[in-house]
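J.: Listed below, chain by chain, are the residues.
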Amino acid sequence: MSDRVLVVEDLDVTYHVRSGSLPALRGVSFELRRGEILGIVGESGCGKSTLSAAMLRLLPANGEISGGTILLGNRDVRTMSQRELREMRGRDIAMIFQDPLTSLNPTFKVGSQLIAAMQAHPDVDASDTGKLRQRAIEMLTTVGLPDAHERIDYFPHQFSGGMRQRIMIAMALLLKPELLIADEATSALDVTLQAQILELFRELRRERNTSMLFISHDIGVISEICYRLVVMYAGRAVEQGTVREVLSKPRHPYTQALLASVPSKDRRGERLATIPGRVPSLSELPPGCDFSDRCRHVQPVCREPGGLHDVHTAGHMVRCLIHDPASTYETSGIEREGDRVVVGRPEAAPEDRPRAIGDVLVQARDLEVHFADRPTLASRLMRRQLGAVRAVDGVDLDIRRGEIVGLVGESGSGKTTLGRAILGLERPTGGQVSFDGQDLTAMNPRQLLQLRRRMQMIFQDAHASLSPRRRVGQLLTEPYTIHRIPDEERIAVPELLEMVQLAPEQATKYPHELSGGQARRVNIARALALRPEFIVADEPSAGLDVSAAASVLELMKDLASELGLTYLIVTHDLNLVGYIADRIALMYLGTLVAVGPTPQVYERPMHPYTRSLLDAVSTPDPDQTTAPHKLLLPGEIPSPKNPPPGCRFHTRCRYARIDSCLEVPELDHTANGHLVACHLWREIVEDPAAAERAASPELISDQQEPIS
Amino acid sequence: MAQYLLKRLGMTLAVVLLVLLFLAVVPHVIPGDPVENILGPRATEARIEQVRVEMGIDDPIVTQIGSFMWNALQGDLGRDFATNRPVTAMLAQALPHTVALAFASLGLAVLLGIPFGVLAATKPDSMLDRFTSVVSVSFITVPSYVMALFLLLLFPIWLGVLPATGTGSLSEPLSYLRHLILPASALAITWVGYFARLVRASMLEVVGSNYIRVARAYGLRERVIHYRYALKNAVIPSVAILGVSLGQLLGGAVFIELIFNRPGLGKLALDAIAARNYPVLRGSVLMVALLFVTANLVADLSYRFLDPRIRVEEKAT
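Chains as they are written, first to last, in the working numbering: chain A, 196 to 903; chain B, 49 to 365.
Read the hints as simulated data drawn from the structure, not as lab findings. Note that the structure is a prediction, hence the values are computed from the model and not measured. Hints are supplied without guarantee of correctness; some may be wrong.
Stretch-level coverage of chain B by chain A, calculated; a stretch enters the list once three of its residues show a Cβ under 8 angstroms from a Cβ in chain A [to be verified]: (1) 249-259; (2) 264-271; (3) 344-357.
Across the chosen pairs, the derived CB separations fall in these ranges [what the hints assert, rightly or not]: (4) B:L349 to A:G632: 54 to 62 angstroms; (5) B:G58 to A:R403: 42 to 50 angstroms; (6) A:S662 to B:I321: 32 to 40 angstroms; (7) A:E259 to B:S350: 52 to 60 angstroms; (8) B:R56 to A:V212: 47 to 55 angstroms.
All residues carry an ideal CB built from backbone N, CA and C; glycine is no exception.
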């Protein structure tokens, strides 16, 4: 009994709105044992965050737990008084939220916030602040904050995002809670930071036997850290079981589609599954199975209300008529494995059409974009040396006609600036960019405008880059007005919409009426309007649900082969580039550290940074689960204002040596067009262990400058 | 911080110099002879000539402007045409009354407006919120001179409490304060409404933010969350407009001083305009400008003190 930390049974949550009641959660049941990490996965709108809020009874004012029980040990959270609730929060269940940048109060020092969280609980001696402070310092040290005794008096904005998330974790651990809830706790972080935080969670579980509810839309991350998982859809748990079971033999058609829509390097050339339609709105749930409208195995019986219930077999739960022996679902056409029905992967789609790759279209030579601090009167008077942010610092890159190049790096690596500079949206401070043989850096604004018809950008935030007061139709013709294109050369709005697989009715909608995926498509259509040859896409799948992201990627691929487009895809998502890009360029602190054909770079990573990044990637692979990262990168990317001398990566590189790495490395040709900027790549490829033994440990600095 | 202070002080000085320049030029750009303007059409030739010499009006304009500014910077603002008293002495006499009035109203506006706003924000859309919102909007719309007349009617005339006009004597603080209550309230009322609206809006924004949700999730008391965590963030925008509001209050003080017959800067300026007494006018306008820039400087600095993000940004540059 004491083994079960949390038992949730038949939980219903209802939101009361003007038009009636919305069932946000319906009959959700699961249990969590001591020391277990349970994953909750699902797309947005499936009730994940409602679930985590319900555990703490922190639902918004119009939300109500309308049925079921939440047993914490042997106490029911549902019947707790306000006072008991307050004491329970933070002490028994502690929560870590998604956005570390806004989770801490900006006007109080982190130390005082940690201490206040402890003082809120009656079993803590609130008067002894010296002792509480000491406890806070110890906890900050535990979660990996260097110089905690000093930094406890910093304000939140003086820390980077990764550090702030560590501080949040420290806050969560201060009162030794039985249960941690991590609500998308690593989603806002870069892969390397995500790997660090996941490692920290794993350590906590090992050393403190902490139980965790790990909520995420990223099935890769879930599969890496959790032992069991619950798949949510439209407010219900539709499948539940061990990660190994669910990932290797997914049974619910939704889980299968979800898994088949995750891009990764192993799926190159395959098409990703896309789920038609959207998660149904809570006010318009279909009768019968919630997934029936999007399911490719749907039969009339699925749409009848009442027939559906959870089917349990040996610890694996699935809520689907196909797997229910008592139902009248006709399974004769469906494959069987022993006595079990196998639904199989979503339809195998045709292979990618081959694309022709031609001559060099875009060329960057020694490209440099430095952002100087604006000189102030005072700085002039004091004759101070001004620092410059070296966002892009000497980049050579060729992009061939018809090619898809992935530009990858952590945030702060300068990848977006490079993308913008290549389009002439950012004035380079040095070097040059040419497009189809014409030097962009020598052009005046009018010539640049002329040329820009042939190269377009898809910006990162799809909604924010559409004017909220214009209809989609107007947004799509805007490029024509800007470039004064005569009517006969324009592509009609319905045709543009069709190119991005949107219905012609969408032309009359305003941006806020569009879903994330639709807004992204409108952005793509806007970019296509001028019939460009080259498109820079900044994080094309960011902020989209897995299935929406998959369909955007498929669309981009199709357009590339139909229209012969050339792409530069700027992203931090290694799964995405591994799947879609022909070549990949890896950026670190304003310089390229590795460039090469994607298969080569992924199969034989040579640069230490590439090796660590690829090691940090989470993919939903049932056999790789809970394997710790071996090549975890220490610390965070240094400030581009003051990059380390020599090889910029040496402060985080496990192989760095004092005798060679303080020199700037050139991009060196290895095999098969794979270029690597590292002095030691030969030794590392030959014998990584020996190369690591030969390293000079004093070069690695764990010290991180506060961002200021 | 020191560097920022230096920069801000430099800017303040620049503003003051510009105001001085403007004041120096004004008598010369008004059409007609400045002396005739000053003395009016019925002045005798001899008197005009005398004043011309006194004012140095026959010197080249640039010299005049220069000498006015130079003298002003040394603290010499000339003499009153009518009484021949040094303008600085008159300002010194009037200043305390205006300062007392402006700060008393500002204090009232802050002390009433902020709790009002917080109260409204604790239960949005409740009866209490609706009530405070109606009250604050009506406060904003009532001009200070209308409120002044109303207050005059209500308290001294109908109820027979509180003095109607004058300032009382500074040597009797209690009586001085009693004289201050009505004018300060009349002047403050608009700003009570403004602060209430502003604080309510920023409070609601802050209460919806992530860190407040985090504070709840860690069992902090609602009282602590509201009055410690949220309020500190919510007053930042209000502090930013404190400087502006003080300027507005000084402007409004002109009416109020007239109505309540208080010998402050506003009344001094008004009388000087009526009498075309340029030195006094210059002096009082300069004084108001000085008060205004000082208030803005103080508001800016306290803003920085409240919001650590801005503090460090400055450190970095």
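J.: Out of the numbered hints, which ones does the structure contradict?
T.: 5, 6, 7
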